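Asker: Required output: the full structure, derived from the provided sequences and hints.
Each protein sequence line maps, in turn, to chains A and B. Using my numbering, you'd call the opening residue of the first sequence number 1 and step up by one each time. Using my numbering, you'd call the opening residue of the second sequence number 1 and step up by one each time.
The set of hints was computed from the structure by calculation and includes no laboratory data. A couple of the hints might just be wrong.
The list treats identical chains as one, so a pair stands whether inside a single copy or across any two.
[Claimed, not checked] Straight line, CA to CA, 30 Å or less: simulated BS3-like cross-link-like pairs of lysine-lysine:
1. 171 <-> 11
2. 55 <-> 2
3. 2 <-> 43
4. 366 <-> 124
5. 381 <-> 82
6. 82 <-> 171
In this text the structure is predicted, and so the values were computed from the model without any measurement.
Protein chains: 2
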Amino acid sequence: MKNFEFYNPVKVCFGKGEISRLTGLVPPKANILLTYGGGSIKKNGIYDQVMTALKGFNVIEFSGIEANPHYETLMNGVALIKAHHIDFLLAVGGGSVLDGTKFMAAAALWEGSDPWEILSKRGKVSVEKALPIGTVLTLPATGSEMNGTAVVTRWETKDKLAFDSVHVFPKFSILDPEVVFSLPRIQVANGVVDAFIHVMEQYLTYPVDAAVQDRFAESLLISLIEEGPRVLADRTNFDAAANFMWAATMALNGLIGVGVPQDWSTHMIGHELTALHGIDHGQTLCIILPGLMRVKRENKEKKLLQYGERVWNISEGTTVEKIDAIIAKTVNFFESVGIKTKLSDYGVGSDIIPRVIDRFTKRGIKAIGERGDLTLDEIAKILELQLK
Amino acid sequence: MKNFEFYNPVKVCFGKGEISRLTGLVPPKANILLTYGGGSIKKNGIYDQVMTALKGFNVIEFSGIEANPHYETLMNGVALIKAHHIDFLLAVGGGSVLDGTKFMAAAALWEGSDPWEILSKRGKVSVEKALPIGTVLTLPATGSEMNGTAVVTRWETKDKLAFDSVHVFPKFSILDPEVVFSLPRIQVANGVVDAFIHVMEQYLTYPVDAAVQDRFAESLLISLIEEGPRVLADRTNFDAAANFMWAATMALNGLIGVGVPQDWSTHMIGHELTALHGIDHGQTLCIILPGLMRVKRENKEKKLLQYGERVWNISEGTTVEKIDAIIAKTVNFFESVGIKTKLSDYGVGSDIIPRVIDRFTKRGIKAIGERGDLTLDEIAKILELQLK
Chain A
1 MKNFEFYNPV KVCFGKGEIS RLTGLVPPKA NILLTYGGGS IKKNGIYDQV
51 MTALKGFNVI EFSGIEANPH YETLMNGVAL IKAHHIDFLL AVGGGSVLDG
101 TKFMAAAALW EGSDPWEILS KRGKVSVEKA LPIGTVLTLP ATGSEMNGTA
151 VVTRWETKDK LAFDSVHVFP KFSILDPEVV FSLPRIQVAN GVVDAFIHVM
201 EQYLTYPVDA AVQDRFAESL LISLIEEGPR VLADRTNFDA AANFMWAATM
251 ALNGLIGVGV PQDWSTHMIG HELTALHGID HGQTLCIILP GLMRVKRENK
301 EKKLLQYGER VWNISEGTTV EKIDAIIAKT VNFFESVGIK TKLSDYGVGS
351 DIIPRVIDRF TKRGIKAIGE RGDLTLDEIA KILELQLK
Chain B
1 MKNFEFYNPV KVCFGKGEIS RLTGLVPPKA NILLTYGGGS IKKNGIYDQV
51 MTALKGFNVI EFSGIEANPH YETLMNGVAL IKAHHIDFLL AVGGGSVLDG
101 TKFMAAAALW EGSDPWEILS KRGKVSVEKA LPIGTVLTLP ATGSEMNGTA
151 VVTRWETKDK LAFDSVHVFP KFSILDPEVV FSLPRIQVAN GVVDAFIHVM
201 EQYLTYPVDA AVQDRFAESL LISLIEEGPR VLADRTNFDA AANFMWAATM
251 ALNGLIGVGV PQDWSTHMIG HELTALHGID HGQTLCIILP GLMRVKRENK
301 EKKLLQYGER VWNISEGTTV EKIDAIIAKT VNFFESVGIK TKLSDYGVGS
351 DIIPRVIDRF TKRGIKAIGE RGDLTLDEIA KILELQLK
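Answerer: This is the structure we're talking about:
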């Protein structure tokens, strides 16, 4: 096991009716910016629950945060924060609203020349302060409700970039599984596979004798495999929704990734597919991961076999046969929840390959992955394998 | 799943050499009370590592905190805190030193008439402030390094009682697995079974469809079953020590207990055996749990069978046969790491039974456990089954 630091001060309020606790969770006399997306919270009753709990608070609204939140949109929110002397941000939405709000919280207090640096100079500059944030999660998927990371897209240049800071950990996050009841089927399916692949990015690397992290990761994979279809069969199954929601939070709150190598190649390549073709984040991951498993099957052999045995009960046959079966099981799982895994399923052809490679090249990236050895040639190979 | 709140702001610094980070973790200019136990940290080099990292800080020492830390001893520490205007407590030790230090941190700022109330009136009074604490863990076992709970014994009356408060969460805890290298065999064994039974208290109840919590608990049980013997075979096996240490922390940092029923009968009865006979905490748990499993085998049937199947691969036979095998496996595990499970192994006879029942009766306790239905008669039965 590698040395690590684990710190996660988010207060999670989980369960039915927890939105009413907002009254006591938001700082007294806070000047609140309520952030949300396209307005689905007005149809499913969440907006009303939030506003009832915030009676007596000064609330300014900022809506219209889109999927893969745009830097351009968020900077409008930053202007609003400054104009209204906002001192607390309450994000009500899924990962995009939460991520966008984290960026606004940091950008509003940014003292550098341009807040875009927070994303473009990640690792070179650091966010040292941010306005406090609370969240009401409406879509289990990204884990943003319990971490200090955000991903933002600059629409103008199609750059989809991330930043992280302890200062953008939400002070609290309210997770009421009943929000799942009114979600469209595709959003649940995207959430299930997104959480699944968050686990895989921190697990499917090489063994470092980290017993607890491995078994926790496998616990989440099995839970998502079992609970995902249960939720999809009946989105009003409270316990299934609750298990899905908690698994998605645990998948990316830092816990399973401590002291172990991490990959994140699937996300890095997937982000390009979203930026260039607008394919849903979860869908891009299901396209890339099977290709990555094929291309890196020798490199990742030990963890692939462990994953196969402990998650899918695959222990018969030669190594080649077992890994073939493991990849097939994984692809079948994605397809079974309704997420297609080939580029052709999304109307994307082979011209994507040079475009993706070009974008990596322009950023000076030569190789990615847990060993830094997934080359641009191999990325091209992954895309080629997943064409159709 | 039940509604829950999860909040755990402890910063964990895990790994080899992490003690040197103290310099940056302790607040600048802090007036530190360094608390420890019987002085083993002076033999194994941990004291020297700590003092090297604290060069330049003002450090007052308070040593001699015993196993099952005594209220009487700790109140001497409180006097020292007040006399020296201490503003930071650094606990270097195992669960007893950490728990004792948490109590001192709360007692030093207690405004009630008598700090004993913190323990004797738990649930009726609450700790609203405490001095900040940091810890360097020297013995994986209790999980105190990552929770806000402490257990203290009043020697005079043999009362062993607990309290909890968010104000006694350590600000940071340093977990260097190398501390295991110099531990006596019995302390490692006690730590393994203590952590194991912490998990069982939060797991072996009744099912509430909590997929992630159940699988996380099973992950820890399996990890302890596999890693415990590895550490005992070679205490200088770094990875085994690290896995044991991290499993023990995860066993009682709140995570696996959210949204599920909890038992704690084994601890409540075990505490009496320690208070009355001075039997090691871990040993008392190994005496009680098998008896509890026997007495409540019908009440806990579903979780017993799930535990047997997922942790011990027991799935053949009738329910009676399976549960017999499951209890036998559990007892064998305790015995295999060197912890005896019968009262006679510790020279305790049947006179213990009325004494324990009398103590529960005097506190007004009629029944305990996750359903509040483990009666005094059943507690007597558990002790009787475990006589020899």
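Asker: Work down the list of hints and note, for each, if the structure agrees.
Answerer: Tested hints:
In the homo-oligomer, the alpha carbons of residue 171 and residue 11 lie at most 30 Å apart both inside one protomer (6 Å) and across protomers (16 Å), since each shortest distance falls under that limit. In the homo-oligomer, the alpha carbons of residue 55 and residue 2 lie at most 30 Å apart only across protomers (27 Å), although the nearest pairing inside one protomer, at 48 Å, exceeds that limit. Taking the shortest Cα distances, residue 2 and residue 43 sit within 30 Å of each other only across copies (27 Å), while inside one copy they are farther apart (47 Å). Within a single copy, residue 366 and residue 124 get their C-alpha atoms as close as 19 Å, which meets the 30 Å cut-off; across copies the closest is 62 Å, which misses it.
In this assembly of identical chains, residue 381 and residue 82 lie within 30 Å of each other by CA distance neither inside one copy nor across copies; the values are 47 Å within and 68 Å between. Within a single copy, residue 82 and residue 171 get their C-alpha atoms as close as 21 Å, which meets the 30 Å cut-off; across copies the closest is 33 Å, which misses it.
The structure fails hint 5 only (numbered hints given earlier).
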